[in-house]
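Turn these sequences into a full structure, and let the hints steer you where they fit.
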Amino acid sequence: MDAIIESTPLYLEGFVETLKLLAISGVGAFVVGVLVAAMRISPIPTLRTFATVYTELLRNVPLLLVLFFCAFVLPILGVDFDYFVLACIGLTAYTSPFVAEAVRSGFNGVPIGQAEAARSIGLNFGQTVSLVVLPQAVRMVIPPLINVFIALTKNTSVAGVFFVIELFGASSRAARDHGDAVILVLLYAAFLYLVITIPLGTIAGAIEKKVAVLR
Amino acid sequence: MSASVLYDAPGPKARRRNVIFSIVGALLIAALLAWIILTLAAPRISANGNETPGMFDQSRWDIVSEPLLWDAFLQGVLNTLRMAAVAAFFALVIGIAFSFARTARSQWIRVPTAVLLEFFRGMPLLLMMLFIFLVFSTGSYWAGVAALAIYNGALIGEALRAGIAALPRGQKESGLAIGLTPVQTRVFIEFPQAFRQMLPIIIAQMVVLLKDTSLAYVVAYDELSRTIKNLQNFLGNNYLFTLFIIGLAIYLAINLTVSWIARFVARRSGPKMGKTTDGPKVPGADGTQALILPLRGDGPGSGYGGGAGV
Chain X
1 MDAIIESTPL
11 YLEGFVETLK
21 LLAISGVGAF
31 VVGVLVAAMR
41 ISPIPTLRTF
51 ATVYTELLRN
61 VPLLLVLFFC
71 AFVLPILGVD
81 FDYFVLACIG
91 LTAYTSPFVA
101 EAVRSGFNGV
111 PIGQAEAARS
121 IGLNFGQTVS
131 LVVLPQAVRM
141 VIPPLINVFI
151 ALTKNTSVAG
161 VFFVIELFGA
171 SSRAARDHGD
181 AVILVLLYAA
191 FLYLVITIPL
201 GTIAGAIEKK
211 VAVLR
Chain H
1001 MSASVLYDAP
1011 GPKARRRNVI
1021 FSIVGALLIA
1031 ALLAWIILTL
1041 AAPRISANGN
1051 ETPGMFDQSR
1061 WDIVSEPLLW
1071 DAFLQGVLNT
1081 LRMAAVAAFF
1091 ALVIGIAFSF
1101 ARTARSQWIR
1111 VPTAVLLEFF
1121 RGMPLLLMML
1131 FIFLVFSTGS
1141 YWAGVAALAI
1151 YNGALIGEAL
1161 RAGIAALPRG
1171 QKESGLAIGL
1181 TPVQTRVFIE
1191 FPQAFRQMLP
1201 IIIAQMVVLL
1211 KDTSLAYVVA
1221 YDELSRTIKN
1231 LQNFLGNNYL
1241 FTLFIIGLAI
1251 YLAINLTVSW
1261 IARFVARRSG
1271 PKMGKTTDGP
1281 KVPGADGTQA
1291 LILPLRGDGP
1301 GSGYGGGAGV
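Protein chains in written order, with our numbering: chain X, 1 to 215; chain H, 1001 to 1310.
It should be emphasised that the hints constitute simulated quantities derived from the structure, not laboratory data. In this text the structure is predicted, and so the values were computed from the model without any measurement. Take these hints with a grain of salt, some might be off.
What the hints assert, rightly or not - DEER-style ranges, computed between Cβ atoms:
1. H:1138 with X:27: 35 to 41 Å
2. H:1078 with X:56: 24 to 30 Å
3. X:1 with H:1138: 25 to 31 Å
4. X:184 with H:1081: 31 to 37 Å
Ideal placement from N, C-alpha and C gives every residue a C-beta, glycine not left out.
In structure tokens, the structure reads:
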């Protein structure tokens, strides 16, 4: 019990750091991911190819290697940032293709007749996408996007390996300091992760149900 | 929806415009790549005035001819594959066990399993690995294998459960009607169909598992990522970029190959007797669409018993 009380300040700090990582790289990955998804459905072949290659490459590199690049290789290349910023860059880059895929599958989920109808009344590409398809796709995209963010929450733990004292970094410190209460200390950390992931999952499930009823 | 519905088949004017945009885009991307390569190749001067050679300098790449380096990388690759293969096997076993327990008739089994699954799915794999490593002192290899197997087993179990839930009700009813016990129905009628239905998802999860073996870095298992770090400590920072590029290339080669095989297998041996509807996807429930069993001789889509939604 002492171990839990003693490690609480450290854990709170780590928890806040995890939330910060989640928020910053979540927003970053969302912006980049939507851009990539837009490139992927655009009429211009070069952009489509670029987006496909970007997605395929980043999805096939382990996150650990991406963060390894950010933490060890980027500084050698003269990028001089704090480890926290570097971790945000890495997490953003790693998560963005997953966001792009979620957005794209949401697009694909809109019945084809909608786009055909929009096209047949004379709307152009931009109008079709922004006025007809996108408003419908957003609803379909939210649950898989939340799943991506749940994965991101868990993935922030990898930043703990590369000198960011977030929740995982805090818990491995606490485990070292309280060698007699390792089980308790680590379960405490797991509980704090679940505090983020389970509500997110519940929200995703609720939205999914709502969308399913609407359709 | 295929992208082509969103815009007309380009006419001569639009085609010309597309070509121009394409060329501009290609030039921009090429310029970006060239800038990156030139930046990497340029020698740089550190804060204390020492000049370090560029990233493609001979002095950074002479280790490529060193057989010891390749021995180390080979060992790393083998360790990665060894962990992935064993973990994949156990993940499958655990996943099947979870799916049976999660859909058991007694709620004394079902509810605790649901809680356990939620717990395993909600916490980071890294934390689980560290937990097993420290608490059970299994050694780094088995800590990695156990964590990967449990975590991915939980995900596979959830997928299989969704597969069973998405089967048309008639499957279970007819199983019971011909006199099979509920357990027999589950094992011989429902499970094989659900497994087939979920095979693409399960294989995709195996690819993720392969990628996640890199997390065993944290328990100091000498897989591929750790090999890069070890070699860096051994050879010095001068070679880090080279080592990283080699490691990256190996990872990409392995993962792209496995992804490709996975896609191939998923296409070949996916649901055969029942085809998934190709219609609008239910968000967040990939692969949990209803089965449509083709009538004899008929193509997919004209079956009975579709529409058992999620």
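Do the hints match the structure? See the list:
1. H:1138 with X:27: 35 to 41 Å: Holds - the Cβ-Cβ distance for residue 1138 (chain H) and residue 27 (chain X), about 39 Å, lies within 35 to 41 Å.
2. H:1078 with X:56: 24 to 30 Å: With Cβ atoms ~25 Å apart, the hint holds.
3. X:1 with H:1138: 25 to 31 Å: Cβ of residue 1 (chain X) to Cβ of residue 1138 (chain H): about 27 Å, so the range 25 to 31 Å holds.
4. X:184 with H:1081: 31 to 37 Å: holds (36 Å)
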